[in-house]
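**Q** Required output: the full structure, derived from the provided sequences and hints.
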Amino acid sequence: DAGVIQSPRHEVTEMGQEVTLRCKPISGHNSLFWYRQTMMRGLELLIYFNNNVPIDDSGMPEDRFSAKMPNASFSTLKIQPSEPRDSAVYFCASSPGQGDYQPQHFGDGTRLSIL
Amino acid sequence: QKEVEQNSGPLSVPEGAIASLNCTYSDRGSQSFFWYRQYSGKSPELIMFIYSNGDKEDGRFTAQLNKASQYVSLLIRDSQPSDSATYLCAVTKGGNKLVFGAGTILRVKS
Numbered sequence: 003d004a005g006v007i008q009s010p011r012h013e014v015t016e017m018g019q020e021v022t023l024r025c026k027p028i029s030g031h032n033s034l035f036w037y038r039q040t041m042m043r044g045l046e047l048l049i050y051f052n053n054n055v056p057i058d059d060s061g062m063p064e065d066r067f068s069a070k071m072p073n074a075s076f077s078t079l080k081i082q083p084s085e086p087r088d089s090a091v092y093f094c095a096s097s098p099g100q101g102d103y104q105p106q107h108f109g110d111g112t113r114l115s116i117l
Numbered sequence: 094q095k096e097v098e099q100n101s102g103p104l105s106v107p108e109g110a111i112a113s114l115n116c117t118y119s120d121r122g123s124q125s126f127f128w129y130r131q132y133s134g135k136s137p138e139l140i141m142f143i144y145s146n147g148d149k150e151d152g153r154f155t156a157q158l159n160k161a162s163q164y165v166s167l168l169i170r171d172s173q174p175s176d177s178a179t180y181l182c183a184v185t186k187g188g189n190k191l192v193f194g195a196g197t198i199l200r201v202k203s
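Quick note, the sequences are listed as chains Y and B, same order.
Heads up: the first sequence begins at 3 in my numbering, then just goes up one per residue.
Heads up: the second sequence begins at 94 in my numbering, then just goes up one per residue.
Some clues are possibly wrong.
Where chain Y lies over chain B, by a calculated footprint (3+ residues, C-beta under 8 Å) [as the list claims (entries may be wrong)]: (1) 121-128; (2) 133-141; (3) 191-200.
Source of the hints: derived by calculation from the structure; they are not laboratory data.
The structure displayed is predicted, hence computed values, not measured ones.
Ideal Cβ positions, reconstructed from N, Cα and C, are used throughout, including at glycine.
**A** Right under this line is the structure:
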């Protein structure tokens, strides 16, 4: 079975440019999560969706970050304009449904470097 | 106080020994507890989850939960060099949300 698919795997771009990260959740999973991982702050939840609806975006660092989920099989995380401090590994994860007892499965991540 | 605390390690154990990884959490309302393994440069991989007080065994792995003490642990029996990784403890907060600890680095020496 296909897992969570993220693209691109690596992204290097200059400060000020727009960055778009993409995610395809596991088929049949209703919840999708975007995380950011850095050495300093560890793994942080940015935003999550249930049934394509954003439920909690309290982890989004600032207005430069936005996320969408236009359908059950696709989500994007956009940074505009990008800054060097946005450099991190961004993970997408999905889970079968809503509630406490739903394990999350992670994609391979996008390693983002902003120069 | 951090919401999920783990000793950063590294925890070094000899091959074949039992590795014991510990995690404490602050939110008494948390219902579900997960252990993820993350190899360097890779994504977190789910290895165990536990919801009820007590022990849950899966192969060489045993998760232990004590909600009264707000403590969850992971035991790895017969540790192998391939178990060397960072182990992340995660705790639910308000339904779907997971809060992760900083992780414990495990090194198994052959």
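**Q** All hints, please: hold or fail.
**A** To see whether the hints hold, each was checked on the structure:
no.: 1; hint: 121-128; result: holds (count 3)
no.: 2; hint: 133-141; result: holds (count 5)
no.: 3; hint: 191-200; result: holds (count 6)
Violated hints are absent here; each numbered hint is respected by the structure.
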